[in-house]
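A.B. asks: Chain order of the listed sequences is A and B.
When we follow this note's numbering, the leftmost residue of the first sequence carries the number 22, and every step to the right adds one.
When we follow this note's numbering, the leftmost residue of the second sequence carries the number 22, and every step to the right adds one.
For the record, the hints were derived by calculation from the structure and aren't laboratory data.
Fair warning: there could be bad hints in the mix.
Any copy will do: because identical chains look the same in the list, a pair fits if it lies in one copy or spans two.
Here are the simulated lysine-lysine pairs, DSS-like style, with alpha carbons at most 25 Å apart [unchecked claim]:
| id | residue 1 | residue 2 |
| --- | --- | --- |
| 1 | Lys112 | Lys134 |
| 2 | Lys39 | Lys112 |
| 3 | Lys39 | Lys134 |
Just so we're clear, the structure is a prediction, and the values are computed from it rather than from any experiment.
Number of protein chains: 2
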Amino acid sequence: MNPSRRPLYFDDLHVGDKFPTASVTVTEAEIIAFAQLYDPQPFHTDPAAAPASLFGRLVASGWHTAALTMRLLVQGEFQLAGGSVGLGVEKLEWPRPVLPGDTLTVVTEVVEKRPSSSKPDRGLVRARSTTFNQRQEPVQRLSALLIVLCRPA
Amino acid sequence: MNPSRRPLYFDDLHVGDKFPTASVTVTEAEIIAFAQLYDPQPFHTDPAAAPASLFGRLVASGWHTAALTMRLLVQGEFQLAGGSVGLGVEKLEWPRPVLPGDTLTVVTEVVEKRPSSSKPDRGLVRARSTTFNQRQEPVQRLSALLIVLCRPA
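Next comes chain A alone, as it looks inside the complex (with noise of 0.2 Å):
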């Protein structure tokens, strides 16, 4: 928890820390101006199309979900010195769609944290954010390795 989202270093993590986001609800007309831009294919821009696709009705890009869930971090409680900054993505699950009128929210948990081999002022840490739906429901499970700059001495 950082309620008062100040910036987190390094040092400030610990494994099992949590942390949550606030929420966001994601419109159908959101979900097809997204998909337009980057991912038009029927299901996610065409709501007459979709119900004879894979999915069998209109859905969010998993692209657009994860990007949903970016902007959650980036203003929740995960505040990291520096930035949110990774140096890639493990996993990245998408275990159900993300429907139009969808309220998303993510908890962030610190699951390994190492110092840099390289560079004495930052370390590594490996953060699993999970976005949940208004049932509860995981809709993204994201793992990523994040770098992270030490508290200045």
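With the hints as your guide, set chain B onto chain A.
C.D. replies: Okay, now just chain B, sitting in the frame of chain A:
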């Protein structure tokens, strides 16, 4: 290769097959617009503040790179029957940032395929999509497990 962009069924895909996309050039305005909506951090939104950041300059959000990659894939030669539907992403790395003015293109390689154990009308395909900038440097490596329909009998 699939220059006709006809929909590919599970039966049409072979390990080692490679599929290119068109290219897209990313502007500073688009980098900022995406980040203001989905990754509002100064090194993605503020050309004046970015030089003092970990990146040292304005760079695209990795999620923006991922979204642009998805658009190139959807419009490229790797056209799957039923659409491009990911079960999940097994790896997503950003070995270097995307900068304003960069031109991106994607190559997808089929790495593995296996029939679905539960549904005889489909299979699973592991695909590796690498996004390159105009200097042929990789800016994103994506490995995903996709659901692909079998050709109807």
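A.B. asks: Which hint numbers doesn't this structure obey?
C.D. replies: none
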